[in-house]
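These protein sequences, in sequence, are chains A, B, C and D. Going by my numbering, the letters in the first sequence line up with residues 1117 to 1583, in that order. Going by my numbering, the letters in the second sequence line up with residues 1117 to 1583, in that order. Going by my numbering, the letters in the third sequence line up with residues 1117 to 1583, in that order. Going by my numbering, the letters in the fourth sequence line up with residues 1117 to 1583, in that order.
Keep in mind the hints are simulated off the structure, nothing from the lab. Note that the structure is predicted; figures quoted are calculated from it, not measured. Every residue, glycine too, gets a C-beta built ideally from N, C-alpha and C.
To give an idea of the chain B side of the interface with chain C (calculated C-beta under 7 Å), a few residues:
(1) Gly1286
(2) Ser1310
(3) Val1311
(4) Thr1337
(5) Lys1351
So you can see what is in the structure, the chains are spelled out below.
There are 4 protein chains.
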Amino acid sequence: MTTVIINGTVVTAADVVEADVLIDGETVVALGSPASGMRETWLSGADRVIDASGRYVIPGGIDVHTHMELPFGGTNASDTFETGTRAAAWGGTTTIIDFAVQTKGQTLRHGLDTWFARAEGECAIDYGFHMIVGDVNDGTLKEMDQLVDEGITSFKLFMAYPGVFYSTDGEIFRALQQTGNNGGLVMMHAENGSVIDQLVVQALARGNTDPKYHGLTRPSTLEGEATHRAIQLAKAAGTPIYIVHLSAAEALAAVTAARDTGQNAFAETCPQYLYLTDEGMARPGFEGAKFVCSPPLRPEEHLPHMWRGLRTNDLQVVATDHCPFCFKGQKELGQGDFSKIPNGLPGVEHRMDLLHQGVVDGKIGLRRWIEIAAATPARMFGLYGKKGTIAPGSDADIVIYDPTARQTLSADTHHMNTDYSCYEGWEIQGRSDMVMSRGRVVIDDGAYVGAKGHGSYLRRERCQYLL
Amino acid sequence: MTTVIINGTVVTAADVVEADVLIDGETVVALGSPASGMRETWLSGADRVIDASGRYVIPGGIDVHTHMELPFGGTNASDTFETGTRAAAWGGTTTIIDFAVQTKGQTLRHGLDTWFARAEGECAIDYGFHMIVGDVNDGTLKEMDQLVDEGITSFKLFMAYPGVFYSTDGEIFRALQQTGNNGGLVMMHAENGSVIDQLVVQALARGNTDPKYHGLTRPSTLEGEATHRAIQLAKAAGTPIYIVHLSAAEALAAVTAARDTGQNAFAETCPQYLYLTDEGMARPGFEGAKFVCSPPLRPEEHLPHMWRGLRTNDLQVVATDHCPFCFKGQKELGQGDFSKIPNGLPGVEHRMDLLHQGVVDGKIGLRRWIEIAAATPARMFGLYGKKGTIAPGSDADIVIYDPTARQTLSADTHHMNTDYSCYEGWEIQGRSDMVMSRGRVVIDDGAYVGAKGHGSYLRRERCQYLL
Amino acid sequence: MTTVIINGTVVTAADVVEADVLIDGETVVALGSPASGMRETWLSGADRVIDASGRYVIPGGIDVHTHMELPFGGTNASDTFETGTRAAAWGGTTTIIDFAVQTKGQTLRHGLDTWFARAEGECAIDYGFHMIVGDVNDGTLKEMDQLVDEGITSFKLFMAYPGVFYSTDGEIFRALQQTGNNGGLVMMHAENGSVIDQLVVQALARGNTDPKYHGLTRPSTLEGEATHRAIQLAKAAGTPIYIVHLSAAEALAAVTAARDTGQNAFAETCPQYLYLTDEGMARPGFEGAKFVCSPPLRPEEHLPHMWRGLRTNDLQVVATDHCPFCFKGQKELGQGDFSKIPNGLPGVEHRMDLLHQGVVDGKIGLRRWIEIAAATPARMFGLYGKKGTIAPGSDADIVIYDPTARQTLSADTHHMNTDYSCYEGWEIQGRSDMVMSRGRVVIDDGAYVGAKGHGSYLRRERCQYLL
Amino acid sequence: MTTVIINGTVVTAADVVEADVLIDGETVVALGSPASGMRETWLSGADRVIDASGRYVIPGGIDVHTHMELPFGGTNASDTFETGTRAAAWGGTTTIIDFAVQTKGQTLRHGLDTWFARAEGECAIDYGFHMIVGDVNDGTLKEMDQLVDEGITSFKLFMAYPGVFYSTDGEIFRALQQTGNNGGLVMMHAENGSVIDQLVVQALARGNTDPKYHGLTRPSTLEGEATHRAIQLAKAAGTPIYIVHLSAAEALAAVTAARDTGQNAFAETCPQYLYLTDEGMARPGFEGAKFVCSPPLRPEEHLPHMWRGLRTNDLQVVATDHCPFCFKGQKELGQGDFSKIPNGLPGVEHRMDLLHQGVVDGKIGLRRWIEIAAATPARMFGLYGKKGTIAPGSDADIVIYDPTARQTLSADTHHMNTDYSCYEGWEIQGRSDMVMSRGRVVIDDGAYVGAKGHGSYLRRERCQYLL
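Put together the whole structure using the sequences plus the hints.
Right, dumping it as structure tokens:
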């Protein structure tokens, strides 16, 4: 099956060109100048021709931070791999990397197999896994080596959540050393959980139970501290490090300072930290629970710092930390006790669009949009070559993007399995017209035309972003 | 005339792909996967087939800082546009941007026309011009607007050389404001010439006349100061700024600090600041004169900072500041008085190779090599689309680069018109096999096969690197 | 004549002690514990006994930055040495250091003699002189050496006011080198006058003539730039430097950064930069002219930085830059053209009180009050031993200070020769009850009881604050 | 009993004056100018006259960090309160603050009483206690309040030594909050013990057992990290913090950065970090054990940073961390396993002299010597008024110091109970001639003439150094 996309503007991290794209089966095989004689030949042999006039032709988005079906606080994230990857596709994302979880006391293998089983045959788009390491010990350290060889090349650790996912500094250091040897990459949830837990206990003891206290008990100073610490531990270990869901100016300052010395410190932020503020959590009644995630949404003054970091590459990646819970029945578990509100927001569907809005607003450039949403995520996590660009030999994960369309975000119209949207009623500019996963059209003019199980597991290379 | 390059690895700022490149006349028209059925068709219609097995296929280098035939200190830079652009081509550079000079008291137009006349019909590769503004006044400010419209979109000013090119801070500020309105970009020679001149007078009065005093009278503190000042003036004017030939850790720190706040401060460095040190100037006898340029070569501790800056994009561009003088008869003008040594080094020929050596040494990545030597220079100075990449529609400025070849740098073998090399006897890895300028082969296996006058003048767009 | 001050709390930069003070003639001769048997002996031999119950006994304030009778913009500062030193005394200041001015083209000596003549026989309190160097050349540099030997050990240069006091960087550098040899201290007015002049011309050309444009044409960025530059020039020259009337957060940051590396960079601020904002200049009508000084009053966000700098000793001195002009007839010269408004504010009278208010407000400590207002000024400018403390052998320049008294600042009640107050109607806490200059009571319970000509010229030592 | 000290130069943190000092019993009652008629009266009534010609008369030193008799690693610090305070006196120190230790599982009270008992009746000079808090829990937090009221106003916590003294960040935070309420001051041992323990285990596993591995397993990065973290926790808690024995440039940078924002972050360093380097630990054989302390001695490049910090007050205090162990029988416990070497150096005797050497070398000023060694220690830990200065009403803790005497440091001649000196054979300038504790001569011309038990327990005020 041969497809030709004509009349579009191909946008990659490096180039903006008027070019036709020739796809053979699952793979991009050529890009050609529309003005050349090539088009005719291509059209003559094409099974399908897509006219992308007035559209961008972009690599499918890569969301490297999702939590489908994650068990959390006595419930599960409300999107399954099926519903979640479908929603992702609607929004122009064609790859996710989800987190397999090692439960304390069990092997990494056991956790990984569990997640393999959950995703297998369910996904609309391709997917890979990071591994959450709950226990750092001789056994799991050895398993990390094996996993790297199997394509699980990144490992998440937590400085938050004592008693659950929390690792001590010594454990983190050992894990960093291990990746220094096996080429894996440590991803860090950087909040000082030990102090946060004290603040939470104190707030509850004072009767401060409303959702807004979620934010007030996780001050940005404590994210800045933990980020700095994580980077220093990586420096001591002589390894790169990747900070997940960075939200605070202080944390960005720590990353920036390290990078200014040439240290391989990387960080991602999320659309919610670019657009939403702590005012969400302070909404009347229990409404604020809809905006509870960790790190929490920050006061408005933090937001311009995040955009700055994206512009000058002190933030390299935008992911979603998609971890949706319905307000009814799920977020409500925390009524009367904010610490029981499941942490997480729905987001996988709108990352590409919210970032395109940043282009429209002049906050980032057009190519930078693709770089932070597709190219660098691919390189950071060992998918480049196949994913993150449109070039001969790359997977035909392609989005036909209408940069002038306007859409209104709403729980009524979104496809994520949550009963609310953090952006309810927001009107933004830009929308995916058509989404292709390895040459197969998945979304066509707003309709899902893909298939459960089309998405394949991605065995990843080591980080391709060093040097 | 149709050319196909097969079996090579196409390296651009964003991608490293195995792809065939189809060229029609002066233009790249398509990239295709070798594995696809495309190759056969292409080969059948090709006038010429180039086998790039084991080679990189890269966009031709862009050297945005050259001074062919520049009058300086009573002599002229020893490379003409003919010899200089030929040497550039040998080294894989297919575009230069040279500096037209306004002599104090005359119009910009007059200076520009003089330089147009010098280059016209002489060049082996394409060329553009920046304009050196010697006088900032109502007349020249108005001329700047016209020049921007004519494709001269960048203007160099000097904080050094009082009485010659020096502008006061107030004049610099007015020029910055003017570019804020007309979209031009100010390029700054950032050394505090007012203080340097005092140090020079004092050194000579003490009888310190040897070449090494050139370096000692231009300490890095004074480059750091001027760089900081230039950036603050740009901040006050609300415009971007581009620092030329940055050489000092203090200056890089000023750029880094500004970028950390999101300011559009840019800087280039040169191969001599990445590889050579002030020890050159201290060579016995008058030998040190061979290493006299401004800013001067710095003590060794500055060099790792330059590589760091390149890695994390606090330095965006590497150019050469090619301004060659022969030792005999030219550098010798400064015997007995270092201040009379013509300032400048030969360099246009070896920039691509010396940077590739940085790739070999693990100091920068492969794609980053192309980014700093071709892609960003093109974007920074309004040539992107045509220059700086290999994509459908781009000019076929292409280098077939052998990454494993070894060569020894020497005045005996180089093609620049100077009787010495700063790198005499250095062995490095990597070499251009074939160089193509707009589809025409200029260098073929070490032989010049181009033509005087093939190189065309490039009318440039405004800076494409903002956002 | 012997005086004993009993029952007070002696506050110096280092100590807060309950002690009696014994004064013999002009000099403090002993401090004794009230509880000891000493008091009786002292009282029995005393000509005068002062009961300081509930009062602080503090060293007289030292204001190192005043401009009595300064010719500026076609008029003269409205306080003479007689009226100005009297006003100073009322406010608890017992020493001023004023600025003798070298007019361009004349010798330092000529300027100094002019100022000697103006002050001789006029002053209520002791006084010294700094020298403003208008021309830096071989002659004036040699004169600087002589002046240092005569007790004029500090020299002010200007980065502002091109064509008037402005020195080029090269000239500044030479002056710094000269003080490096003769032990003098360069004081710098750090604003980029070259750029400011452009902004002023542009503002006037746009018809922006109101007082507020004085502030808008002297943005804080340009003070930050000049401060950074001055410090770098001092670094290159290897000498200390002292920044006068620092007003901007950016400028403080430059001083702080230098001090963090151990460089001897010093700075003073003034009460107006601790309390007043740019809103003053924006008052309706021409009222804003009352608040015109240079550097200009800054937006409110700068103020906490100034207090911070005082707390952690990145600012070492508070002086007034007292340079008063009446609104009627003087400030009014600038109606219709803000650039013609004489620059300067009245302030010499209320520095001690406004700083004491800072103590009351918890912004600085009690001893720090004395340190920044008396002890460090004395040391910085070579008066320590005699001035700035209360210790055996020191001059009996003593203030009996009531820390609980309340006063309202107003032109109706102040003693400076201006028809307005920048603090009109402000109520503050603290007031000098009695002021003594070399053992002689000058102010007694709000009445001036001193004598014109009592104040003597102070031949100063070199800076005593290094190390 | 009345004493008069004549002809000396009284040096305090603020003043250097020629003054006679009159002492009545235990207390300074007056300072008088030698030139006044006072001296005669004083001499006539004096029981003892001390001629301090050519000598400094300085407040006795205050060493706020000693560990007499501390149990550590199965042995005890070799100086008892008797021998240690005697040695202190010899060196011009008249007050120590030692650390009472709470053993995990017991009350603070129990630990404190144990230390009270050890010191009672033993000391040659006055002494106070800080409290080491081993367990942070509801009980100990409540006890902290009581202790503050009893004059134990400072509490030491550890980020090092997991399983022994280590507190988690949450516990540290609670302790900080508690002092925020009760006015106590938290003192922090800031090294990341969790990581250090891993490095130690790994080094031993590799057979790296020599003393030098003590230093290599405690890299400065980990002190920098912990210092930064401690400061951030204090910021989050809104309290001041005091870092003990700061040794690393990175740690100083963290303190400096905090102070540059106005945060009340304080730090002490020790003479060993000003003079000794990691080369000590690398001495052949087991000799290196003599130099094992924590934090470890650092590479030479750290030392100038420490002196810089002292100069610009980013380091406020110099203490000794005196914790002596004999080489024979004690340090030897670590043969074959560096981790078993008791941590600590002898030092209480030579702090004043080693700092005076810094004055001689031009690294700090004369008054600054007294400030960092006596005045600020007194203020920081609530002893000011009585201790740290020479003023009417202060304790007559006075040293007659000969600034020109030369002495050679050696275990043969020192009075600390250790069989080696870290400064063996060093010749330095300056020595205490006579030392007085509350009016009683303790050291007279090198001879101990004091009495066991003369030293009294000091009930301390809260920190007097804030504002």
